[in-house]
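**Q** Listed below are the residues making up each chain.
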Amino acid sequence: MSFLSVRGLCLSYPAPRRFLRRAAPLRALHDLGFDLAAGERVGLIGASGSGKSSLLRCLLALEAGQSGAIRCQDRPVIAGSALSLRWYRRAVQYVPQDPVASLEPRMTVARIVAEPLARLRVEGDHARRAMEALDGVGLDHRFLGRRPDELSGGQAQRVAIARAIACRPGLLLMDEPVSGLDMTIRAQVVDVLRHLSDLHGTGILMVSHDISVVAGLCDRAMVMDRGHLVEDRPIADLMRDPHHPMTRELLNAAPPIRAVA
Amino acid sequence: MTRTLNRLTPALSRGVTLIAVMMLVGMLPWISGRDPAVSILRARMGEQNATPEALDAIRDRLGLASGPVQHMLDWFAGVLRGDWGMSWISGGPVLPGMMQALGVSLALMAAAFGVALATASLLCWPTLRRGLGGRDTRSSGAVAAGLTAMPEFMLSALFLVVFSVWLGWFPPYGWSSWSHMVLPALALGLPGGGLLGRLLSNAVAATFHERWIASWAVAGFTRGQIARAVLRRSLPALMPQVGMIMVAMTGGAIAVEQVFSIPGLGRAVLGAASAQDLPALQAGILILLLNALLIGVLANLVRVALLGRALHMGALPVPQIAPMPADRRLWLIPVSVVVVLIVLIAAGLPRDPYASQFVRLQPPDLALPLGADAVGRDVLARVAHGAMSTIGMAAIATFLSLVIGLAMGLMPRIAIGLIEVTKATPPTIAALIVVAAMGPSATGALIAVTAVAWAPLAAHTAALVTEARAQPHVRIAPILGVGPLRIVPRSILPAVFGPVLRHAMLRLPGNALALAALGFLGLGARPPAPEWGLILADALPYVERAPLAVLTPVAALALMSVLGVALASLTRR
Numbered sequence: 001m002s003f004l005s006v007r008g009l010c011l012s013y014p015a016p017r018r019f020l021r022r023a024a025p026l027r028a029l030h031d032l033g034f035d036l037a038a039g040e041r042v043g044l045i046g047a048s049g050s051g052k053s054s055l056l057r058c059l060l061a062l063e064a065g066q067s068g069a070i071r072c073q074d075r076p077v078i079a080g081s082a083l084s085l086r087w088y089r090r091a092v093q094y095v096p097q098d099p100v101a102s103l104e105p106r107m108t109v110a111r112i113v114a115e116p117l118a119r120l121r122v123e124g125d126h127a128r129r130a131m132e133a134l135d136g137v138g139l140d141h142r143f144l145g146r147r148p149d150e151l152s153g154g155q156a157q158r159v160a161i162a163r164a165i166a167c168r169p170g171l172l173l174m175d176e177p178v179s180g181l182d183m184t185i186r187a188q189v190v191d192v193l194r195h196l197s198d199l200h201g202t203g204i205l206m207v208s209h210d211i212s213v214v215a216g217l218c219d220r221a222m223v224m225d226r227g228h229l230v231e232d233r234p235i236a237d238l239m240r241d242p243h244h245p246m247t248r249e250l251l252n253a254a255p256p257i258r259a260v261a
Numbered sequence: 001m002t003r004t005l006n007r008l009t010p011a012l013s014r015g016v017t018l019i020a021v022m023m024l025v026g027m028l029p030w031i032s033g034r035d036p037a038v039s040i041l042r043a044r045m046g047e048q049n050a051t052p053e054a055l056d057a058i059r060d061r062l063g064l065a066s067g068p069v070q071h072m073l074d075w076f077a078g079v080l081r082g083d084w085g086m087s088w089i090s091g092g093p094v095l096p097g098m099m100q101a102l103g104v105s106l107a108l109m110a111a112a113f114g115v116a117l118a119t120a121s122l123l124c125w126p127t128l129r130r131g132l133g134g135r136d137t138r139s140s141g142a143v144a145a146g147l148t149a150m151p152e153f154m155l156s157a158l159f160l161v162v163f164s165v166w167l168g169w170f171p172p173y174g175w176s177s178w179s180h181m182v183l184p185a186l187a188l189g190l191p192g193g194g195l196l197g198r199l200l201s202n203a204v205a206a207t208f209h210e211r212w213i214a215s216w217a218v219a220g221f222t223r224g225q226i227a228r229a230v231l232r233r234s235l236p237a238l239m240p241q242v243g244m245i246m247v248a249m250t251g252g253a254i255a256v257e258q259v260f261s262i263p264g265l266g267r268a269v270l271g272a273a274s275a276q277d278l279p280a281l282q283a284g285i286l287i288l289l290l291n292a293l294l295i296g297v298l299a300n301l302v303r304v305a306l307l308g309r310a311l312h313m314g315a316l317p318v319p320q321i322a323p324m325p326a327d328r329r330l331w332l333i334p335v336s337v338v339v340v341l342i343v344l345i346a347a348g349l350p351r352d353p354y355a356s357q358f359v360r361l362q363p364p365d366l367a368l369p370l371g372a373d374a375v376g377r378d379v380l381a382r383v384a385h386g387a388m389s390t391i392g393m394a395a396i397a398t399f400l401s402l403v404i405g406l407a408m409g410l411m412p413r414i415a416i417g418l419i420e421v422t423k424a425t426p427p428t429i430a431a432l433i434v435v436a437a438m439g440p441s442a443t444g445a446l447i448a449v450t451a452v453a454w455a456p457l458a459a460h461t462a463a464l465v466t467e468a469r470a471q472p473h474v475r476i477a478p479i480l481g482v483g484p485l486r487i488v489p490r491s492i493l494p495a496v497f498g499p500v501l502r503h504a505m506l507r508l509p510g511n512a513l514a515l516a517a518l519g520f521l522g523l524g525a526r527p528p529a530p531e532w533g534l535i536l537a538d539a540l541p542y543v544e545r546a547p548l549a550v551l552t553p554v555a556a557l558a559l560m561s562v563l564g565v566a567l568a569s570l571t572r573r
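Protein sequences appear in the order of chains A and B.
138 is the number that our numbering gives to position 138 of the first sequence; each next residue is one higher, with no gaps.
114 is the number that our numbering gives to position 114 of the second sequence; each next residue is one higher, with no gaps.
In short, the hints are calculated from the structure, not lab data.
Glycine included, C-beta positions come from ideal geometry on N, C-alpha and C.
Hints are supplied without guarantee of correctness; some may be wrong.
[Claimed, not checked] Taking CB as the label site, the calculated pair distances span:
id, chain 1, residue 1, chain 2, residue 2, range
1, A, L83, B, R469, 16 to 22 Å
2, A, P105, B, G483, 16 to 22 Å
3, A, S84, B, W212, 48 to 54 Å
[As the list claims (entries may be wrong)] Covered by chain A, according to a simulated footprint, are these stretches of chain B (three or more residues, beta-carbon under 8 Å):
id, segment
4, 462-474
5, 481-490
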């Protein structure tokens, strides 16, 4: 059974207004449809402007498409109030692109990681679960009292991951989670993600324009081009035999594939 | 549907605010809580008793029996027809007198605007020359900054003492020849010109740092062509400020007309306010507001015309502000001003500001360092106590405007109309409305200053809130289950509070000056309260015999202006 399903999702933005007349709306997503199984690791690749971020905003219920439906564990996902989306936030969490900036600078690491537990009304001892989450990403108790400006980029990204997994979601959405990190740290973070996903059976949908990172972590890849989903296949197939010209272009742009970590 | 509503919110906010202000003006006679019939009876027929029959007769004649809403609608209908009501005092129509006064005021403002433009050009000239010569352009600021904060009523009093009384170069009051225009135009134009010159000089300095200047110079454009292009590039961003400066002039003109006894709109409105002649006051306030609105629209049109197609193409490069070198000595000015104020207060506070214990206009000696005023009160004591009350009231106004500004700035889309209209209202006009509603009092002045002082803080808050909401750690909040209400104390307020608090503190001297201006015009604190503006107004008629009684409050006000400017320029660097 699929954990998350997307059917017929369309999204368009109003075009910027010129003097007294408005151009046709810009279509960001064209009739998208796919399923994510529980625990599955999927990469979403595409050039800038291909609609990856728009899709992510829809999946995060920050934005509603003009048509189409998103269902999670057979419940409809509808963009709405914080209260009505609590169940979905517990089931699907998010790791942003810029880890340092995504952490509230006035809070300590302990409060940052425990905050979603309190706000999403997760049961149990929040402090202990926050500590467990930090353990899971390889940060010990010495980090509890630190503030984001005292963390390195890799440490901040681990905190952001700990914050996302603290409420044990079934799926993690990630937007370029390692693109801001240097090569060695990148490999460590990918390791942490693979380990957590195996351990808790957490699914991953990772947006990236870098096919090598996707290849290192995911089993399946989806390619987007100008709002269309143009390929959706196992990553090994895709790399061996790219069908769509855009896929070929992305493959050519990527550095030679090596085993990440 | 919600999207459309969302887009329309700012426009709705502007429209609703304008209508609300109009309604406020239209209903003033009723808000004042005074029975108009009684004021009319008192003003016109002093010998008659306020018998119910006499009052009813007057109500009937003025159509006041119909109630506030109907009267307001009638008033609006009349305004549209050109019938602006009958004066309660003279019984004649209000409009002709007001239009005549408006003509005088417009002539004064045109002259003052000429002064402002000349001042601004002089201030900007060195920067432009340095830039054309290829040398590093840095804005020249000290003189301009000094001029900027001098309140018009204080400059007027100063010019009156120096140029009319001591030097005798210009007539002290009246409006019958060109020489009558010189001092008022200078007093009204110099502060605005200082501000305009400083802003223009900053903008020109920033423009000279843009890359196209070098390309143009290499391509062989003449210095004249480059100068014109630089000005054209720098001016559009200033047009809203020019509009604000001109609107502020309509407020300043009221004080200047009062000092130099010019029969302009401001003086007519002040007269109507002190006589509680509400129809005349309504007409005057409406003209002042329409004037402010018109200036705002004109400034915007000029800006659009100057920008041309660049406005629609989004092709405007963002000017870079050249960082200024830090200078330790800058602290000396505000610190020494504060020390002088403390010495003044410490010397005068133990003395009695109310008792008439000296000879009228007694000249200064050791026991009475600053002399006595026209009723034999100690000037030093009055100025010191005045400092306490003026600064104390300014502190209260600043605190209240900080609270209101933060609250309004947190919901910028709803408050935008209110913020814009309020920013375009000089405190004097706000005070006129307050006085019309509740009579002149220190509390009224406090309300009036607070009522306009919050707007710049709200605009600043709104800008910071927009910035804070764009931060990644705020944008991720909904995903962490943090709702829109909790996000305000969690992330927005902490990010906004510090800068806005500092901004509010910088405005404290300005608020003190605004309060003093209202006291001076008889729109604020009442005699015998020792309040700077009031002390100055009391002393002005005796300026020839006791100039020190005028110069002391002028000096105190000047210190306050210097403090404001020095603090403001400290944080800009």
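**Q** Against each hint, give a clear statement of whether it holds in the structure.
**A** So, going through the hints one by one against the coordinates:
1. A:L83 with B:R469: 16 to 22 Å: The hinted range 16 to 22 Å holds for A:L83 and B:R469, with Cβ atoms some 21 Å apart.
2. A:P105 with B:G483: 16 to 22 Å: 20 Å, holds
3. A:S84 with B:W212: 48 to 54 Å: Given a distance of about 53 Å, which is inside 48 to 54 Å, the answer is holds.
4. 462-474: Holds: 3 residues of the segment 462-474 of chain B have a Cβ under 8 Å from chain A.
5. 481-490: Per the Cβ count (6), the hint holds.
Of the numbered hints stated above, none is contradicted by the structure.
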